[in-house]
Structures are given as structure tokens and as C-alpha cells.
Amino acid sequence: MGIFKFTRRNFIGGVVACVLLGGAALLYGTGGVSMRHIATVMVLNAIMVVGTQVFVGHSGVLSFGHIGFVGIAAYVTAILSAPAAVKQTVIPHAPLGLASLQLPVPLAILAAVAVTTAIAAIIGLFICRMNGIAASIVTFAVLIVVNSVLINWKDLTGGAEAFYGIPVKTNLYWALLGLLATVVVLRLFTYSRVGLRVRASREDEVAARSIGIGVHRSRYVAWVLSAMFTALGGALFAHLLGAIAPALFYENLMFLQIAMLVLGGIFSVTGALVGVVVVTVISEALRWLGDGPQIGSLQFPMIVGLSSLAYGVIIVIFMIWRPGGLLGDREIEEVWDWLKRRRGKDTVPVSTAAAAPPMGAVPAAITADPPASQLTSARRSGAKPILVVSSVGIHFAGLRAVDDVSIEVYPGEILGLIGPNGAGKTTLLNLISGLYTANSGEIMFQGRTVTHLAPMKIARLGVGRTFQTTRLFPLLSVRENVETASQVAQQYRPQVYRHVDEIIVQFGLQDVAQRKAGTLPFGIQRQVEIARAVALGPDLLLLDEPAAGTNEVESLQLIDAVRRVRDVEKCAILLIDHDLPFVMNLCEHLYVLDAGKVIAEGSPDEIQADEKVKEAYLGTQKAAGAEERKGGSAAESFGQGSAAASRSDV
Amino acid sequence: MGRPIPVAQTGAQGPATSAGPCATTMLRVDRLVTRYGAIEAVRGVSLTVDEGEIVAVLGPNGAGKSTILASIMGLVRPASGTVHFLGKDVTGMEPEAMVRMGVGLVPEGRRLFKELTVNDNLRLGAATRKDKEAAKNDLETMFAMFPILKERRNQLAGLLSGGEAQQLAIARTMMTAPRLLCLDEPSLGLAPLLVSAVFEMLLDLRSRGYTILLVEQNALQVLEFVDRAYVIRSGEIKMEASAEAMQDEKKLLHAYLGVGD
Amino acid sequence: MNTLLQQILNGLTLGSTYALLALGIAMVFSILHLVNFAHGELIALCAYAMLGLRYLNAPWIVWVIGGLAAAVVAALAMERLAFRPIRHASPVSMMVASLGLLILISFSLEAFVSPRARAIPQPEWMNRVFLVGGLQVGLKYVLIIVVTGLSLLGVLLLLRRTIIGTAMRAAAEDFDAVRLMGVRADRVIATSFALSGLLAGIAAVLILSIRGSVTPHMGFSLVLYGFIGNVIGGLGNLWGAVLGGFLLGFAETIFRAFLPSNMSGFTNGLLFVIVAVILVLRPQVLMAPKSAARV
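Residue numbers (this note's numbering), protein chains in the order written: chain C, 1 to 650; chain U, 1 to 261; chain B, 1 to 295.
Don't read these hints as lab results, they were simulated from the structure.
Only a predicted model underlies this, so the values are computations on that prediction, with no experimental measurement involved.
Yeah, the Cβ is synthetic: ideal placement off N, Cα and C, and Gly gets one too.
Treat the hints with care, as some may be off.
To be verified - When the alpha-carbon atoms are kept at most 25 Å apart in a straight line, the in silico BS3-like pairs for lysine-lysine are as follows:
| # | chain 1 | residue 1 | chain 2 | residue 2 |
| --- | --- | --- | --- | --- |
| 1 | C | 570 | C | 457 |
| 2 | C | 614 | U | 251 |
| 3 | U | 150 | U | 132 |
| 4 | C | 614 | U | 238 |
Said to hold, decoys possible - One-sided excerpt, in silico: chain C residues whose CB lies under 10 Å from chain U:
| # | residue |
| --- | --- |
| 5 | 420 |
| 6 | 550 |
| 7 | 579 |
| 8 | 614 |
| 9 | 615 |
The shape of chain C in the complex, shown without the other chains:
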């Protein structure tokens, strides 16, 4: 299913992180019962925070609702496992005869996780369709509603007062085992196919859709998984405390866990663990200080809530100073890599990246295919077009951005779309790739009607694209960027699937494959974006201003590169650009748009000679009314009379 992926590296990384934290906890726990309690709470917090981080860090959506799941799980396991005698006192009127039921603890914990996951699964259906702040606020609503229910459904939960008598079974070792399971499983998720998709969607949703990723579905998986493990933490928590109350699962816990996430780093599991440890240490230190200890001759006053105060300080300071947290998005393996680099063992200097062979270098393994001219004659030979846009129109707020446009793209040809500013070229591209939906007309790709299809579906049919401003997944490595697309190909069009490493080699990106895409120079980023689109195995490739920002030398190289891509992939290419020498040299056929309409079509030579095209770019010589300029004022030209402009009493 692609939800978990085992690699030695990330498995070991997870284990090592746990061992480190566990070691610290065990060490601390040797100091006596109360210290062991603190250590155990810390480990349980770690489970809950890592659980939350899987969703928050991967989706980029802050969630307050996970504390609610903690509360639900805690209460479910409490209600199910508390002895009947206790329940008769605390919740005598419990529904479903729960007051007389007592399940063994493991079963109760299992039930707690199951029930919470089920509830989360339902809520997630809505949340995963929403974006950013709206989703966060709904999760906040979840927290409040859960709290409200816990307090007010007295028959079930015993209300605002403590629900006591829960069997105390959690000790440090069980907690550590739970943590190990959580970290390992969730790390396996992070690098799995679905995990990769969620992370890609976090980086750039539009780009993710353009390579066929189902953003909502992937996010949903992350949500459910995170609820599952947060629930585990909550259930274990109940069995540590022995008594719980709704107030435990409200703002205080939320503040604590957000401080932990913010400090350590939202984007990595290791970061979450670091955050848990550091905040626990600070918290304990401040609690000790707030109790009014005597140090030497200094008597500190008693201060309530000092450690909670610290959470606020931590959050504010880190948001201003290091919003990525101490670790940012780095996992523990990367610390290892960094150490290796410091000792000079790694060899990825920037200069080799710049010297990478020109894009699209054809590797020896792939033999040259029939020369391009054979393919481009598809238009002339009467073959069927691969893309047919018929009378397509779209308007935004009354403005007709694209007006009754019809174009055809033939297999294997390189086709250009040119025109002045505001002509509708990018709009047309967006219509074809599904980002916009046409108000009128029809778009057919390989015989299928795609006019109203969502971008991700169109991508899955074999349409790849690049964007005007390069949209990579900056925090993902180059390899991961390309892999997201090749995995989509593998899943939906296995006949064109090529392994990601093959594509990396094809584009000469071996040396930068492990680097985060956002750190690369712009030219390489553009190569990566094209490689990613090509990894989809598209039959039609849409390029939006590929030559933007290139100088004359680079644009010549680009012409070669684009031709090579077409030759190797045997796809049709539709591109927009303003660099007319580039377009005229590269494209075999052109459409010219102006003010949303097609005003000319033909070969480059034909287009260059076309009067209408010249007019579109340069404007007309004399517009009506230009003759009168010698006499009148501007206001008169607007037909409003009164030569007020030449009044001198101003």
C-alpha cells in the first residue's frame, strides 16, 4: 500500500534516537520513584508529541485537536478497565452497562486506540480537505468540543471531577517500548510512498497535484496514523496516573506539547524528541525553582506556574529566532552525515553541481531514436492530434482571459504559444493541466475528455508540466522530488515507469541527488523541475517559460536540451515563452494569442512575417483620435468638454 517503507537507514535512525532518549530517561529514573515518574511522563509525552508531529510536520497544518484524542483515549481505557466497584461510585449511570464491565488493561488500551482512531477517521474526512488556518481552527474546535463532552457527559465520564481507580500498569519500560514502536513505525511512514506525498504536498500543493499526488488522501493517512499513536500515548498516560480529569487534557497539555514541537523542530521526528527532552528539563528546573528553594544564602520566593510561563517564552522566542526549531527538518541520520562531512569524508562540493552535463544528456544505454523530423511530420501526415482544445473560454470577474481558443497538438511535436502580456497563454496552459476549469468549450487528451478533470487526474493520464516560477519541493532532496513523480508513474501508468535513479542519471543530477532542492542554484532547480515532470512518463509536456532568466548562451543550450527530452521521451511539448529567438528556433509550430484569442498559427517563418503578430506586439501606428491631439486637452479626449485644464488660476 506504500504506507510504510523499511530502509536500514531510517530504521536505525529511529532506533538510535529512541535509545538515546531512553538512556537519558532510564538514567534519570534511577534517582527514585518521583524521578522515575517524571522520566515516564517524559517518555509518554514523547509518544504523544511524535504522534502529533507526524501530522503537523508532514502536512504543515498545526493541530490543536490531538490533545482531544489523548483525552478520549485516556477516558475510554479508564472506563473500560476500572474495577466495577469504582465505577459504581463514579459513574453509576453509565450507558451500555459499562459500569459493571471490566476489561483487562491491554484490551482496554487496544479499545481506546481503536475508538479514538475511528473518531479521528471521521473528523479527518473534513479536516484533510481544508487548508492551513481553517483546518487548524477546526482542530481547535475539536479540542473544545471534546473537553466540553468530557466535562458534561457526567454519566459516562464522571464529569469535571477526577475519575479514579484506573489500574496503574504503565512503568518506564512499557513506556519506552511504546515509544520505540511509535518512532519506528512513524519513521517508516515518513519515507514511504504516502509519507513522501504528504511531505511534498506540504511543500507545494499545486506542484504536488501537477504530478498526480492526491493531496487530501495522503494527508488523511497521516492524520489517522497520528491519531492512533497519540491515542496510545493517552491510554498509557491514564494507566500511569491512576486518576484523570478533563482539565488534564486541555490547554495546559496543549501548551506543553506545542512548546516541545516548536523548540525541537516541527519537521522531524528527531526534532520532536529533542524538544520533549529539553522542555522537560527546563520545566523541571523551573518547577524546582518555583518551589522557593534555598540556595546558599539566597531564598527564592515561591512562584506558581513558572514552568508554564516558560512554555510561552520558549514559543515566542523560537518563533522569532528559529521558527524551524533547534533541528529544523533534520533527522538524526543527517547529524551523522554532517559529522562525516566535517571530517572531510563527503564529496559534494558546489562546483561539481555547476559542472553537471547539460540537461537531458542522453546516457549510453538509451539508443538514439528516429530523428526528430520523422516525428514532427505527424501534423502533416494526418495522424491524430494528442491534444485537442476546442473553443475553450474562461472568464474571471467579467474579463475574458481566454476567448474561443482552439488548438491542436500532435504527437512528438514541439509547439509554441506566444503573445503579448495578458494574452492568456498561462491561463490556457492552466486550463489544459486542470488548474482552471473552462466555462465553455472542450479539451480532449488522447481521445478522452479532460475539460473538468482535476489536475492530479490529468497528471496521471500523462500530462506533465513546469511552472513559471519553479515549484520544487524545497525541503525534499532532489532524488525525492523526482521520486514523487516516478512513483505516480509506477502506480498509474506502469508501462512508462522508469526508476528514479535512471532519470537522475539522464539529467546528470547524480552529484546533487541527495541535496535539498531548495539549496540548489537556480539553473539546476529548473533542470530538476523538468526531470520531475519527465519522470511522470508524460505523453504531453507543458513548459511554462523555460527560458526565463537565461542568457543567450544558456537559451541555446536549452534548445538542445528540450529537443533531447522530446527525442528520448517521445512526448509532445507545448511551451510558452517570451524569448522569441528561443521560441522561433526551437518550435516547429506556433500559435499566437492576443487578448485571449488566437490571432495567428503556423510555422515560425510564417509567424514572423505575419502583420497581425507585429501589431499585437508593437501596437498600431495610429489609433483613432490621435489626429486631434494638437488641439484639445486630455479631458476633451474623454469627451467631457470644458477646457478646464488650461485654466491658469490653479
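Please arrange chains U and B on chain C, whose structure you already have, making use of the hints.
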């Protein structure tokens, strides 16, 4: 700057010829380099505008024209190069400061405040002027120059038609009492007749003492109204000449499109 | 009939305070797209300032002025110290930072003033009650409604008639274009914070006249209500927020009056379910217009 709009020069009809050797250089841009994301949108552009001139920067879309104006105005920081206004180095100064220095920008797409009335839009232009009397006078002048705005003074700016909106955009910037008026594609979205009217209005402004720098795609129409022009393509200046010299279409097309006939 | 009128009065009173709360939050959101969780802390700070002044035996009018001043100063400080450095950050980051401020301020009050509730006895004249056509009308309730009305009117006049108000309305639409008018970005933002602080202060005075005591965490529940009012009315829409606040006040009054007593505790939860539903159905309530303040 609270300088009132100067009295119209009597007898001034038609475009003045290029300012003589004693004219002050109002704006000087030297080897400006600006990046837009990771793209170098402006690569070493140098240009000057003398007092009393109307200068155009022409070129196809994506050439970097808007970025030049944005760099001058401080909306975006140049990577290198300098901008001098009236002799002072204003490179990278914030837009608010540039306005106070006397540079006004009518941005691309106008960016009117649609939820505010025409009157409010205009008043906002004068928001930071110290001389309230002068500002009031200027408001009256604007209404005199653009009677349709006076008629619609209490209507929401979002309800204006294209031509009216362009008038409001220009009037609003005029209310900031600029000495140098920059316009970013004022003809965008306007019918040809209105485009001429806009350019004529600029001539009128010049006759009142304003210096104008405008960025346009619509080359041939513009060339009749300006003194000098630069053609920019791919971030670099490809041609610089007086308006008459530029009307040789072949050369212009070559500079513009990079392709000859 | 009497009960109905009484409930209407209650709803109006409660709604007034929520409307002020919601407006204060909307004021900042409309320009900066910042969901300011710490807005409730401005109310708490005002209340505690009043507590301090009362402790010094100052007359009522001095407390009130001192409290309002405290709220405005706190708001400006918040903007300058906490939000300005992260003005370019994502809305989520700003929201988290505001949460941090909430924690910091409320626990500071708990740690350094008192964790327990402290009473602030209100002046005697506030407790007067009139009899109007068989209805018991407390002076303080009338006062709340009148003060709220005047405040809203004041804000309206400020926004429509003054230049800075016009600039604020314009900034909510297109921040960069306002800068092109020479209006300084910092000034617009600071003014909107100051105004939100003032509104929070007024709300604090009114709320205190009913509650009579302050607690360190009073800000948290209040900001939640202000928030609900905003979502109902459309975040960033100033008058929508006001309307939302009033609707919320009425909704809460009706729930409390007509829900069976064992369910009335669910009011909070119920209101948030409504918020969630609204957001699920219409998430564009939170959509930023084209040009958010990216200074």
C-alpha cells in the same frame, strides 16, 4: 513634498523637444541588477530621465520593465547598481520614502482601493502631505482635469470602467505631488481610443511641469507621445534613441523581438 | 413576554461585549492576516491594571483610564516586540507566536500577581436598577449597550472620516498600494493594534462591571468567544465580526435559557461545533485577499 501643481505654461502645445543641455537629470539608474526569486530580471540596466522629459521603456512581456520601476520605487531591493534621484542616492529606499522624495508610481493594473470611494482614493494620495491647503487645491485641480471623477466622487472605485479607473489611478498618484511620475503599462486593458486619451493626458501633465517615465508594451502608439525611449529585452537595454529614430519599425521589431524580418 | 424581553436585553448585553471582542480581533486580522490569540490577554492586562489602581485607592475614573492606557500600551508593545520581527512569516507561524504570547502573559499574571481570582468591587452607582414597564433594567446593562454603541460609532467615524482610518481600510485591501501613497506601513499597523487594544480595554471595563473579579486566565476563554464571533461573521470583515459577536451573544443567551439544565454546560462545545461546521462548509471565510501585508 507639498509643492502645488504648477501653472500651465502658456502656449505650450505638442511635445516639447528633448530638454536642452542645461536640463537637470532627474533620475539616473546605473547598472541596475535585480533578481526576481532566483531569476535575474534586470541585468545591468542604465537609463536617465531629464527634467521635463517623457521617456518610455518599451519591450515585450517578461523583459523586466516592471521590475525596473519596482526597483526604482523601492518595492523590491536591487541586487546591485544605483538609483539617483535629483542627485541623491535613493537605491533601495522604501516606497514611502520615495514618495516623500517626489517619485510617484501608478502601478501595473492600477491597484485602486475598490472598496473605497473615488474621493477616498484621492484623499489617500494626499495623506502624507503637510500642506493641507495645497492638497485641497490639488484635489480641485484633479476634478477639473478629470471631470468624470468629480461626477463619481462618492462612488466605489470598484465600479469604475477601465478608462475611468486609469484616470483615477493617475489622479491618485498625482495627489502625492510627485515631481517624477512613473507609470507601469497604463494602456493595459484599455481600448485604443482610451489609450490615446491617456497618452494625451500625459502630454498635458508634462506641460504642467511633470517629468514622466513610463513602461509600455504598446510601442508604436507610445512613440508619438514621448521624447525618448529605451527598448529592453531579457533584462538588458537593446536600444536607446529619440522617438523619431525609433519609428523605424524594422529596427524596432528587431530590438523588440530579437528577430528580423 | 417579560422573560423574552429580559432575554433580549441579556442577549444584547452579552452580544455587546462579544462584538467589541470580535471587532478588536478583526481589526488586526484584516490588515495583517494574523489570528491574534493574545488579544484576550489585552483584556486581562487592562483588568489587572485596574486592579492595581484600585489597590492604590484611585477613583473609578482613574482606573478606567489607566486600564485603557494599559491595554493600548500592551497592544503596541506586542506589535513592536513580538509581531514585527515575524511580519514576513507565514500566518501559521504568527498564530503560534500569538499563542506563545497568550501563555506568557497569562502565566506571568498567575506567577507574579496571583493565581487566585481577585475581586474588583464596582462603584455603587452601577448597581442601580430601573423599573421599565415591569421589566428590571440594571444600569450597568444599559451602560454596556450604550458604551458599545458609542464605541462602534467611534470606530466607524474613525475609519470613514479620518485619513488614518481610510488608510487602514485601504491597507486591508492592498497593503503595498498604500505604501505607494507614502503612508508608512509601520504606522498603519501600529494604529490598528492600538485600536484593537483600546477596544479590548473597553470590553474589559464592561466585562468587569458584570463579573466583578479577575483571574489570570480570563483572557483565554474570552478570546475564544471573540474568535467564534469572527468566524461567524467572516474573519477580517469588521462589521461581520460585530454582527457575529451579537449573534453569538444571543445564541449563548438562548442556549442557556432554553436548554435543559444538564445540557447547558455543552454551550461552549455546541458553539464550537457551529464554528467547525461553518469553516468546513465555507473555508473561504479565512481566505486572504490578494495582497496581504507583506512588508
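Violated constraints from the hint list, given by number and in increasing order: When the structure is compared with the hints, none of them turns out to be violated.
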